[in-house]
Amino acid sequence: MPPSNRTIRTYFLLLLFLALRAFGNLALAWGAKHLPRTLAADPMVYLRSMLDPYVAIGIVLLMVALPVRLALLSVADLSFVLPTTAVGYVLAAVLGKVFLHETVTVQGWLAVALIFGGAAVVGSTPQSTTGKAEGAK
Amino acid sequence: MIWILLTITVVATTLSDLLQSYEMKRAGAQSVGARGMARLLRMIVERRYLLLSIVCLAFSFFAFMALLQSAPLSFAVPASAASFILETVLAKLLLKERIGARRAAGTLLVLCGVALLGR
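Heads up: the protein sequence lines correspond to chains A and B, in order.
So the first sequence is residues 1 to 137, counted in this note's numbering.
So the second sequence is residues 1 to 119, counted in this note's numbering.
Hints listed in this document are in silico derivations from the structure and should not be mistaken for laboratory results.
For clarity, every value in this text was computed on a predicted model and none was experimentally measured.
Just so it is clear, CB atoms sit at the ideal spot from N, CA and C, and this is done for glycine as well.
Where hints are given, some of them may not hold.
[Unchecked claim] Footprint (simulated), chain B over chain A, 3 or more residues, beta carbon under 8 Å:
hint, stretch
1, 23-34
2, 61-73
3, 88-100
4, 105-112
[Stated by the list, open to error] Okay, the calculated bits of chain A under chain B, using three or more residues with CB under 8 Å as the criterion:
hint, stretch
5, 6-18
6, 117-123
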């Protein structure tokens with residue numbers, strides 16, 4: 001695969017994964033906060049919690065995110081994927097603030113800047129350094 | 001309880017990611033079209049390291065879900081990111097990835113940001 005195609009594919013997979021995980025986590029958090037009992041107390045509550053529509057939507061989005069992340073790992077290093085997907089933590093903070101009314105402080109926005117900056121620096125390095133990302137269609 | 005749940009999340013996530021990265025490097029570039037997704041799902045069932053990674057992911061998922069109930073999303077998500085320090089070191093040692101100065105610096109910046117976000 002030409003390097004430019006691999007770069008486009010990497011960033012497409014990265015954006016898709018970030019969107020799926022951010023909204024998946026948001027739906028899970030929304031559903032979990034409205035469950036009547038503490039999850040750690042009874043394993044059966046885990047199963048019943050999956051009947052909650054928000055928890056179910058969260059699970060579906062995170063399940064779709066799994067093969068997308070596998071595809072991403074097939075074209076990029078784990079040490080590239082980890083910091084660049086950390087942008088998801090920024091999305092989580094923003095979504096937490098908007099939908100769950102959680103507080104994001106000035107310090108939080110500084111953190112957002114550091115994460116974006118770090119992800120941009122890592123994003124400027126070669127996605128794959130092990131030379132094994134060629135191959136299947 | 002929060003710290004136990006966090007530890008389970010971090011250890012299970014690290015193991016899951018290392019196994020996934022190892023298998024996907026072996027598999028070569030994959031797509032996410034209809035065929036690509038079907039192929040990826042088949043790979044999860046057929047490759048034992050991927051299957052094991054899913055078991056680890058399940059542990060991580062349930063621990064994380066319980067963590068979300070007792071801690072705010074804006075703490076739980078960045079705190080569980082502690083796994084990526086461990087994972088970056090292990091990616092270099094076990095997966096033989098080349099982590100140059102720029103990638104290390106960027107990773108440290110992200111780490112500082114994530115740590116700050118969790119405070």
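If any of the earlier hints don't hold here, list their numbers in rising order.
-> none
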